[in-house]
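Going down the list, the sequences are from chains A and B. Under full-length UniProt numbering, think of the first position of the first sequence as 1, with each following residue one higher. Under full-length UniProt numbering, think of the first position of the second sequence as 1, with each following residue one higher.
Source of the hints: derived by calculation from the structure; they are not laboratory data. Incorrect hints may have been included.
[Claimed, not checked] Straight-line Cα separation of at most 25 Å, DSS-like style, residue types lysine-lysine; simulated pairs:
1) B:Lys-46 <-> A:Lys-32
2) A:Lys-588 <-> A:Lys-493
3) B:Lys-157 <-> B:Lys-173
4) B:Lys-141 <-> B:Lys-93
5) A:Lys-393 <-> A:Lys-600
6) A:Lys-297 <-> B:Lys-45
7) B:Lys-157 <-> A:Lys-297
8) A:Lys-592 <-> A:Lys-516
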Amino acid sequence: MADTLTPEAPIYQTDALIASDIDAYLDTHQHKTMLRFITCGSVDDGKSTLIGRLLYDSKMIFEDQLAALEADSKRVGTQGQEIDFALLVDGLAAEREQGITIDVAYRFFATEKRKFIVADTPGHEQYTRNMVTGASTADLAVILIDARKGVLVQTRRHSYLAHLIGIRNIVLAVNKMDLVDYDQAVYDGIVKDYAEFARSIGITDFTAMPISGFKGDNITGSSANTPWYKGPSLIEHLETVEVDTERLSARPFRMGVQWVNRPNLDFRGFSGLIGSGVIRPGDAVRVLPSGKTSTVKSIVTYDGDLEQAVAGQSVTLTMADEIDCSRGDVITIADAPTEVADQFESTIVWMDEAEMLPGRPYLMKIGTSTVTATITEPKYEVCVNTLVHQAAKTLALNGIGVCNISTDRAIPFEAYADNPDLGGFILIDRMTNRTVAAGMIHFALRRSQNIHWQATDITREHHAAMKNQTACVLWLTGLSGAGKSTIANIVEKKLAASGRHTFLLDGDNVRHGLNKDLGFTDADRVENIRRVGEVAKLMTDAGLIVITAFISPFRAEREMVRSMMQPGEFIEVHIDTPLAEAEKRDVKGLYKKARSGQLKNFTGIDSPYEAPENPEIRIDTAAMSAEDAADAIIAQLNAGWAYTI
Amino acid sequence: MSLTHLQRLEAESIHIMREVVAEAERPVMLYSVGKDSAVMLHLAKKAFYPSPPPFPLLHVDTTWKFRAMYDLRDKAAADAGMELLVYQNPEAKEKGINPFDHGSLHTDMWKTEGLKQALDLHGFDAAFGGARRDEEKSRAKERVFSFRSANHRWDPKNQRPELWRLYNARKAKGESMRVFPISNWTELDIWQYIHLENIEIVPLYFSAPRPTVERDGLLLMVDDDRFRLKDGEVPVERSIRFRTLGCYPLTGAVESEATTLPQVIQEMLLTTTSERQGRAIDHDQAASMEKKKQEGYF
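Extracted from the complex, chain B is given alone in its bound form (with noise of 0.2 Å):
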């Protein structure tokens, strides 16, 4: 019998979850509600089925996010018995950083800083995160545990070597590790695994009128009325979804008619644009992840 690459990878993710929560001492998944986690929290049922999975679920929020984000965040977290932390940097809270005036920084302020605070505040030793090697060149080196520094910095000429199925989680006081279960997994298997295993996603990935407009190249979701148009800009309906999701001023959508699964997948292996394009963060300046990453960016 021929295990399926799915399979595979399922397996693969498993195991790695149960290193760690074998060989850390407070572990915790950062949950960001998009379809890589999704998958991740699905693995995670999986890894320690019956019981619970023995971690809570973080949530980094920006207060941004679109509102069906935050819907089915709680829905999740209930459905998988486990406990959500939600953090928001109070920092950013008090100076009302958004992404309408504050361009990077509001990435900065919300996300990096608000990361490194909730695992310092919670004394995180060990983080899931859902990044894929697939998505971005840089993340293409990075390890399945990856290190950070009592500061949260990451060191890309001072990677441990990963053998086999061999992961060396020890580390130092107040050094932490990033791990990322699904690192060998493509956009198109987190799709067809989502298709295979009936896992419940934001509506927003699938197509349905909503109000937009066009700015800067990108087609933006007028989600809540705190969106500020400008002199003549107008919300048109339009049917659109989205392929990433993040604070909805900054994640540009696509213009569909997939409404259901197989229709988003079709679209996907279709599609001539990588799935990062609609997200403002990655232009910013060449190899921005990466420096992103090793000041703390997840």
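The shape of chain A in the complex, shown without the other chains (with noise of 0.2 Å):
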């Protein structure tokens, strides 16, 4: 073992230089660049043991952790007797009592020329999530297939999502070639198999190299074991490849406003990193997406103001105008912006463990803007093993599809495969605040640019006013059997009875009609709801009070609709009533079905209701009759709400 565990070449940070010349060494190191990889593969392809040799090789690896890595491989290794690298990489407690890794773990190290972070991802169910992740800031993807077992279907797994990810730097790496006795033949025939899939996913350029993470081969220099090859060993390839942010220089320029940098008032500078491009003190610059423009007057850091800055670097710039702009704006060069729409074709990751739901808002944050989108239903999703384009109807975890996206707002944007930074996002869930999918925007949808909005003489605000009232909507929201539709009914009464405009929103008569498609699971009540809103948006619009009486389960979807309406116009009434009084009235026998297993996604029973944190009205049904709920209601509105009715 030992003899295997010398660096074949000196390639890495070289002592006798260190001994002799600390100050040269400085120097070299100071201008090494960086590249960032991911090595995909399952624990069988020798990941962890290539990712372990890497480290050890560039001296990453001290005694007293070598004594423990000895320790640990004689307890828990797998390789009897001998050192096991695989220990070395495998981090938390939990995972390494299961012999798996579970997460995205990054790892460090650096040959002469250049410094290197790994990120290593594990191949089990979560694995598209977390390859997905690490690949997203990956230069260069290593595609481990065992010798032994050729092109397996992970394999097709791990380029295609790489592929999908943008990585253009591939490297083909055929490991435990010393299980197969060095065979060329062997080599040959697996690296044949790859440029098919490759070509058939567009793959268009690979790298491919024989190795032996376990024995070294092909590592560091080229091994004698493998004569047949003529190619550059792992590491010198790695030291070579461009990385990213040289291409994203070359584009035009874009840098997304983090912050607005204001001590004093004779300082206003924009902070951000630079995305794609170069600039300079003097370049014409136009702010999306208001499109104002103005010259870079300073180009200001720690360190004196700069010449010119480049894509990756994080720099404050100052304006020779007095400019509207703040975070979540787009500076680009004048000359070549940047589109800006509102409604997009993209892929989708979906990384929770509730599944997409369809017309739900989620945050959307893509570069330094924090948006509202909601997601159609996949076009179609993409089965990972097989790569077959299947319909579905929503994304569970680890799901990919295709999905138009809209936002609530247009936004500056560029295709991801041109600049990740302005191409990429991620969903958030509103309620939760977990990360739920990440995206890559294809292209804007035409209609996004095409269909505008035709302004009207007659406001909303003349249609109310030909009314003598102030439209608003009162959302009533409870369990089934709470009594919304019956204290629904007798408001609308009352407020018909003083001479008011109205118009009563049934849960039940939608469905009837404008519903009908829809069923009862989450996707289809969040759409149920949404089509509601914009209908009773329409009769605000209009100058009518309406009145809905839905159960509207979800916190997410009501706060979709309040955001709708104008300030003060969403006035949300919970009718409470506890889950055991509604089920024990059971007007319609629902409850009793839904007990006996004949309904499914009874809201109660087996669906949530999220009842509302702050309403506007909230009517206590045990404390009082329908009759008197909808005098509350009606007090608290003349009471309350700016207007007598």
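Hints given; two lone chains; assemble the complex.
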């Protein structure tokens, strides 16, 4: 074992130089570049062993760690009495006990030319989520294949994901060559199989090499065991491939504004990390989405003003003009701005246990801006194992699909393939705050640019004034059987009696017509409420007082409807009846059916009800009759809502 | 033009700090006076220049740091134009918790508990920490934005995926986040950057003759007269320096002749032991850091 532990070539920190001339060494080190890469493979492909080897060879492992490693190898290792490099990189205690890694870990090593950051992701159920995460920051992917097994389903999956996330440099590392006697025919066969597959998914270029992570062949230098292989060793290749920041510098200038720097009245700078291109003082720039233009006055840094700055640098720009610009805006070069749109086709990778709900508003973080976005049902879902496109209503954890997405306002963007900084986004659940998906914009939908708001002369204020009232929505929410429809009906009668123009939208009634295509799954419930919200909005535009009676179980959708209305126009009324009481009443016999299993997805039984946290009005039905409840709602309207009915 | 690895690391750290300031309500920077803190503070100055960093520094003090650390702490905060908050756990103070009598309770009470108390007291919702992923295995998997429940627990199984440069900084009321802007730096990167940027660090990182005793395999410095000498123990003057700094009775020194930064880096590169070896805290039990972090240790 000992002989294979010695690095083959002196391409790592040369101790001689360090010892003799540390200043010269430091000067070299200072000029190193950085490459981020990801290793893809399942446990059996020897991935952890390869990473452990890279760390070991580059002396990122010290004696005390090695001692611990030797002890661990004997205790839980899989290599008998030999050192199990995999144990170096299997981090969390829980994972070590299970003998698997279950998350994304980052490792570091350096050679004389480059510093490397390796994203290490495991090959189990969570694979898609973890690999996409690790790959999102990688310039290169190493796809590991066990030489004894050849191209497997997971090889296809890894390659597809690496390609999906836009990694341009693919290395096919045919590992465990020692176990096939360094047989060139085996290697050539695998490379040929892989080339065929790679072409079929659009990978036009890759670099193949025969290696052994365990024995060290072709890792740091060319191995005597594979004289037929004339290409570079893994390290030689990693040291010389182009990194993405170089490519991005050649594209037009874009910088998302992170923070407005305003120490005093005389200084106003816009801080951000340059996503692409080059900028110099005097360059004409355009701020998006506003489209305002100005000229860069200076590039301010702690180390003095710069003559130019390039993609990847964090800087602060000052402008020649007082220009309106804040966090979330994108500063672009004036003559080549990005597009601005609010509807896109994109690939979505779902990352949460709770499945995607088409129509539900999620937060979308793209660049430095956060907007509200809704997703349509997938046009298709991609099966990561077969790469077949299949129909889908939604996406579950690790699902990948192509969907349309629309945002609540227009945002500057670029296709992900051109600029990940302005084309990659995450979706965040507004209630749980979890990161539920990653997305990549393909292009803006044409309709987003071709459909405009048509201005009308009779405004919503006009409509309301003609009726001598202020439009609003009384949104009654509560469990089935709480009394929503009964109370809503009495409220409407009383309002009509006092000469108000009203309309009652009732849950059951709407499902006979407008929403008769919808069922009771979470996704359908979301769409049900979205449509009712849009209808209620049109009615308020018409000047009506709208009363709605829907279970509307999810906070997110009630908040979505609230955000459609003018401030103060949405009045949430919680018809608060304990589940036990509603079930006891069981006016329509639905609880009984739900309990016996005849009715699925019934709110309160096998589908959740998220009670309002701060409703404008709360009605305790245990304490008052429906008649009294209606009076209470109207009394609160009279008292609190700025106008008298 | 290709950026060097240090330029890229610097830009990334600055980007992270600006995201926190833009999205958190009340950020704070944990400042431990060590070399990683020194680099983090320097990066903060760069991130917000010409403004001073728009958050205070917080030192969770154990009262047992090296005297030279307290001197630099006050100076560094003043130089940066930042407010310095010092917190000492009153319960630990009252009970006289110390590294000689109380073993791991010393760290639990002064550091882990002290940190939680200080964050709660000031209502900080985001705390910058100088941890690096290369330090220790459980760190390698921790996110840059790492969330803590209302009682400061870390759930390693339930971390948010971090993609591209997009950090999800949203949290529920009462939750807080620890943010590690130098996650992707290695020990060598830190030293190299200190060298390049001429960052002031505690002189204890450089070798000098200092009074020491050897105990349990560690070379300890007798920094003040609170150090309890055992029978027969006599402080010996040795030429020593430190690779990491903590509470002086718990921090092992190395014998060294390195009096300049290049010499320190030279020794570091030629050494065969990891920097955390000098810390008594890591050797308690397997996966001890992970356990400590779940409980709220930084």
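Okay, the hints, checked on the actual structure:
1. B:Lys-46 <-> A:Lys-32: Holds, because 22 Å separates the two Cα atoms, which is no more than 25 Å.
2. A:Lys-588 <-> A:Lys-493: 23 Å, holds
3. B:Lys-157 <-> B:Lys-173: 21 Å, holds
4. B:Lys-141 <-> B:Lys-93: Since the Cα atoms of Lys-141 of chain B and Lys-93 of chain B sit roughly 35 Å apart, the hinted pair is violated (cutoff 25 Å).
5. A:Lys-393 <-> A:Lys-600: 18 Å, holds
6. A:Lys-297 <-> B:Lys-45: 22 Å, holds
7. B:Lys-157 <-> A:Lys-297: 48 Å, violated
8. A:Lys-592 <-> A:Lys-516: 24 Å, holds
Comparing the model with each earlier hint shows violations of hints 4 and 7; every other hint is respected.
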